[in-house]
Amino acid sequence: MATATFRIWRGTAEKGEFRDYTAEVGEGMVVLDAVHQIQATQAPDLACRWNCKAGKCGSCSAEVNGKPRLMCMTRVSDLPLDVPVIVEPMQAFPPVKDLVTDVSWNYEVKKRIAPFSPRKPDAPDGTWRMAQEDADRVQEFRKCIECFLCQDVCHVLRDHHKHAAFIGPRFLVHVAQLEMHPLDTGDRVAALKNDNGIGYCNITKCCTKVCPEHITITDNAIIPLKERVVDDHYDPVLKLIRLVLRRRG
Amino acid sequence: MDHQTHEHDVIVIGAGGAGLRAAIEASAAGVSVGLVCKSLLGKAHTVMAEGGIAAALANVDDRDNWKVHFADTMRGGQYVNNWRMAQLHAQEAPARVNELEAWGAVFDRTPDGRILQRNFGGHKYPRLAHVGDRTGLELIRTLQDHGIHKGIAVYMERTVVRLLLDAGRVTGALAYDRERGRFTVFKAKAVILACGGVGKAYKITSNSWECTGDGHTLAYDAGAELIDMEFVQFHPTGMIWPPSVRGILVTEGVRGEGGVLRNKDGHRFMFGDIPDSYKPQTAADEEEGFRYVLGDKEARRPPELLTRDHVARCIVREAREGRGSPHGGVFLELQTFAEWFGRRVKGFKAELHWKKKLPSMHHQFKELGGLDITKEPMEVGPTTHYMMGGVRVDSDTQMSRVPGLFACGECAAGINGANRLGGNSLSDLLVLGKLAGEHAARYAKDRPAAGVPADQAEAAARRALEPFDRPAGENPFQVMFDLQDMMQDLVGIVRKEDEMVRALDGLEKLKARAAACHVAGNREYNPGWHTALDLHNLLTVSEGITRAALVRKESRGAQFRDDYPAKNTKEFGRVNTVVWRGPDGSMHIRLEPIPPMPDELKDAIRAEAGGTLPEELR
Ligand SMILES: Cc1cc2nc3c(=O)[nH]c(=O)nc-3n(C[C@H](O)[C@H](O)[C@H](O)COP(=O)(O)OP(=O)(O)OC[C@H]3O[C@@H](n4cnc5c(N)ncnc54)[C@H](O)[C@@H]3O)c2cc1C
Ligand code: SF4
Ligand code: SF4
Ligand code: FES
Chain A
1 MATATFRIWR GTAEKGEFRD YTAEVGEGMV VLDAVHQIQA TQAPDLACRW NCKAGKCGSC
61 SAEVNGKPRL MCMTRVSDLP LDVPVIVEPM QAFPPVKDLV TDVSWNYEVK KRIAPFSPRK
121 PDAPDGTWRM AQEDADRVQE FRKCIECFLC QDVCHVLRDH HKHAAFIGPR FLVHVAQLEM
181 HPLDTGDRVA ALKNDNGIGY CNITKCCTKV CPEHITITDN AIIPLKERVV DDHYDPVLKL
241 IRLVLRRRG
Chain B
250 MDHQTHEHDV IVIGAGGAGL RAAIEASAAG VSVGLVCKSL LGKAHTVMAE GGIAAALANV
310 DDRDNWKVHF ADTMRGGQYV NNWRMAQLHA QEAPARVNEL EAWGAVFDRT PDGRILQRNF
370 GGHKYPRLAH VGDRTGLELI RTLQDHGIHK GIAVYMERTV VRLLLDAGRV TGALAYDRER
430 GRFTVFKAKA VILACGGVGK AYKITSNSWE CTGDGHTLAY DAGAELIDME FVQFHPTGMI
490 WPPSVRGILV TEGVRGEGGV LRNKDGHRFM FGDIPDSYKP QTAADEEEGF RYVLGDKEAR
550 RPPELLTRDH VARCIVREAR EGRGSPHGGV FLELQTFAEW FGRRVKGFKA ELHWKKKLPS
610 MHHQFKELGG LDITKEPMEV GPTTHYMMGG VRVDSDTQMS RVPGLFACGE CAAGINGANR
670 LGGNSLSDLL VLGKLAGEHA ARYAKDRPAA GVPADQAEAA ARRALEPFDR PAGENPFQVM
730 FDLQDMMQDL VGIVRKEDEM VRALDGLEKL KARAAACHVA GNREYNPGWH TALDLHNLLT
790 VSEGITRAAL VRKESRGAQF RDDYPAKNTK EFGRVNTVVW RGPDGSMHIR LEPIPPMPDE
850 LKDAIRAEAG GTLPEELR
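Quick mapping for you: the protein sequence lines, in order, are chains A and B. Take 1 as the starting number for the first sequence in our numbering and just add one per residue. Take 250 as the starting number for the second sequence in our numbering and just add one per residue.
Chain A extracted, bound-state conformation:
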C-alpha cells in the first residue's frame, strides 16, 4: 500500500515541534483517518478533536498545509504527497496540546449576544407562520457547525489579536441569524457597533472562503449588518421605522 509522510505539530502551550509520521494511504482516505491511524499505531497520546467524521459537528478543525480545514473533509488524494502533509492546530486560539486548541473564548462571546426573543405567536394555538423564502435567508446562517475556521483565518483575530473587541465572523453570522430571523424582535444593532466591533471587519472575505458550510459570510451576513449599523447611525428616523415595524411583526 502507498504511504505518505504527515508532519504533525506535537506539543503543549509551553513548547512543541513538528514530528514526521508515515501512514498508509488508502482509497478515499481523509486527513483525520491518517491522524487516527498514527494515533492507533504509533502515537496513542496524539491529541485531536473529532466527533462525526462527516463534516457535521465542526470539531476537527486544524490547518492542513497552512489552510484552515476540517480534517475529516480533507481528502488525502487531493494533497501533494511527494512532500510531507503539514498538520497543525488553529493559530488564532491558544494551544492546548498537539492539534487541540482552547476555543472557550468563542463560547464566552456567544453568551454576550442578546438571545432570540420571538414576537407573539400568530395563531391561537401558540404557533407561528413563516414563509419558506423568509426561512431560507436565516437557514443559510443556521447551517453553521461552529468549527471556528472563519475565526481562525480572520486577520483581526489571527494577526491583530482583537479578541476583546471583535466577535469575529462566526458571531457576526450568529447576530445576522438573529437579526434577520422572521420572528425575532430584539435589536442588536447598537451592540454590533459598540460591543461586537463590527467596524474591525474590512471585508477581506477570507472567512467566506474557508467556511466548510459554504455560508456567504461577508456578502450575506456581515455587509447587511454593516448597512444597518450605518443606517442607524446616520438615519435615526429609519431606525425608528424599523423598530416599529418589528414590534408589529
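Incorrect hints may appear among the rest.
[To be verified] Coverage of chain A stretches by chain B, computed from C-beta distances (three or more under 8 Å per stretch; other residues unrestricted):
#1 20 to 30
#2 49 to 61
#3 105 to 114
#4 148 to 154
#5 186 to 197
Keep in mind that the hints were calculated from the coordinates and are not lab data. Every residue gets a Cβ at the ideal spot worked out from N, C-alpha and C, and that includes glycine.
Model the placement of chain B with the ligands on the given structure of chain A, informed by the hints.
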C-alpha cells in the same frame, strides 16, 4: 487524590438533545444545574441526526394525531415497548417541537407557513419536522443557544467514570477532564444520565467516538437495571465505499424523498418482500409509491420505507446471495424518481431539487465519496445505528431503581421496544428529557444534600490511573478494535446461539486484556488513556447485548436469530429482558412480563391494525 469539587442540586451527564433538554427543564424549576459532557458543547452525537423529529402536528396530513403516532411506534417496536412511554411521547411531541420554534428553531415550511413534515419509515403520515437533512444540528443548536442564557453551569470535555453513592442513593459522580487529566468530584442531590448510545461496540457504525455505552455502564455499576439490550438497530443505509467512510449514515430521508433500492441486476427487490402486517399500507407499484412521496393522500408508501430492521435484512440477503453491489451492499438511486417526476412537471431540474431536499447528503457523497448523487447511484449497506436497550426507568419520572438516578435519551430504554422508528429519537430526547429534568429537580428539592464518600472517589480515581502504572502491556486501541470485530461478526445483524456463546467466551478474554493494557505518555489530552477507560463500558454493554440476545430465542424487530427465524409471541411477545449486576459482580438476566395495556390504548392500536389486536396484546 488531587481534585476539584463542584456542587449542584442536579448534575446532568451528557449534552446531546436529551441532556440539554433535561438541564433546561431542571433549571427552569429553580434548582442549580451542572451539565457535564465529553466533547465541546454542541458537538454531541445529536448534531448528526439528519432526517427529522417525529411529532403528530398534522400540518401536512390532518388525519394524523397522537393515537396514530402511538400505534405506529408500538407496531414498529413489535409491541414490547413500554406503552406508557410511547403514549406520553406521542401526546407531547407536538408541544415539544413547537417549543423549539419558540426558542428560535427554523424548520422547513409548508406553503401556508407552518412546520413542514416529511415521510419516514414506519410512520403512516408525513410526520417528521425537519430542516433539510440537518435536523439534529438545528435541534442541538437551538437548545444550546437557549440553554446558555439559563444559568446552567457547563463542564465541557469531562468524562464521568463513576457514580458515587451514599447509602444506596446517588449523590455524585467522578470525572476526569480531557485537557489536563485531573479529577473532578461532582456532588449532587440527583443525577441525570443522558450519555447516548453504544455504536462503538461495533466495527461498522454511524456513531461517533463518544458512543461507548457510558450511561448504560455507569447506571449498571451503580445498581440500576438495563432492559432490551438485545435490540441494537442496524440502519439499512450506511456508506460502504470508500473504506474510510464505511458506516457513515445515508439518511432515510433519501428514501423518504423517492430514493429506490436496487440490486446489481437493477431489480427493485423491496417490492418482493413485504411483511403481512405492513401489506395494507404498502404501495402496489412504483407509480403509487412515488405518488405517496409527493404527498398524495390516497397513495400508500413505497416498500423502501418499511421498518429499518426489515430493510436492513433484505439488503444483507441480496448481498449474501450474490446480487449485491461491488463492495458488498446494494444501490440506492434517485434517478428513477427524478425521471418520473420530470415527466409530470415541466421545467423540473433534478440537480436543484436534490440539492434543496438533501443538501448534506449531496455534500457528503461529493466530498467523501467523489460521487454526485443527483446523477449516479450510491452504494449502501447496513450500519450500527441506535441502541433501543438501556437504563430501565419509571415511565412517569424517568428515575431508575437507584434513588436519585435518572436517565433519558438513547441511554434510557422502553419507548422503542424491539425497533425504533426514524425520527422517534429526537422527539424522545425532548419529551422524556423534559420529564427527567422536571422530576430530578423535584426530587432534589425534597432532599437534603447527602455526602459523597471520599473513599469511593479515591478508589475510582486510582483504578482509572492503573493503565499508566503498568510498566508494559497491550495498546488499548488494539483491544477495542478486536472487540469491535468480534461483535460485528458474532453478535451482529444475523445471530446464532453457537456464535454468541463464542462471543461470551471472547468477551472474558477481552476483559482480561483490557485489565492489563498499558498507556504511554501523560494524563494530558491522551486518547490512548481515554480509550483504555472506555473499554470497561464497551465490554459491559457488549456482554449485555450478547446475553440478552441469547435469551430471546426468537426473531423480533432488530433482533434476528438465524436459529429461530420466526417470532415466538407465546414465549417472548409479552416480556422484556432485564440485566443487572449481581453482588458477586457478574451479570444476571431475567425475563420480565410487560404490564397489561389499558383499553384506550388497545383501541388506538386496533383502529390502525384493521380492527384486530396483534397477538402480543390479546
Ligand atoms: C447519523 C445519525 C443520524 C440520525 N438521524 C436521526 C433522525 O433523523 N431522527 C431521529 O430521531 N434520530 C436520529 N438519530 C438518532 C439520534 O440522533 C440519537 O439517538 C440521539 O441524538 C441521541 O441523543 P442523546 O441526547 O441521547 O445522546 P447524544 O447526543 O449521543 O449525547 C450524549 C452526550 O453524553 C455525553 N457523555 C457520554 N458519556 C459521557 C461520560 N462518561 N461523561 C460525560 N459525558 C458523557 C456526550 O459527551 C454527549 O454530550 C440519528 C443518529 C445518527 C448516528
Ligand atoms: S471579511 Fe471581515 S470577518 Fe471575514 S475574515 Fe475578513 S475581516 Fe475577518
Ligand atoms: S460560519 Fe462557517 S467557518 Fe465559521 S464557524 Fe460557522 S461553519 Fe465554521
Ligand atoms: S469530525 Fe465532525 S466535522 Fe470533522
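Going down the list of hints, with the structure as the test:
1. 20 to 30: holds (count 5)
2. 49 to 61: n = 11 at 8 Å, threshold three: holds.
3. 105 to 114: holds (count 3)
4. 148 to 154: Three-residue rule not met by the stretch 148 to 154 of chain A, so violated; n is 0.
5. 186 to 197: With 0 residues in contact (Cβ-Cβ under 8 Å with chain B), the coverage given for the stretch 186 to 197 of chain A is violated.
The earlier numbered hints that this structure contradicts are 4, 5.
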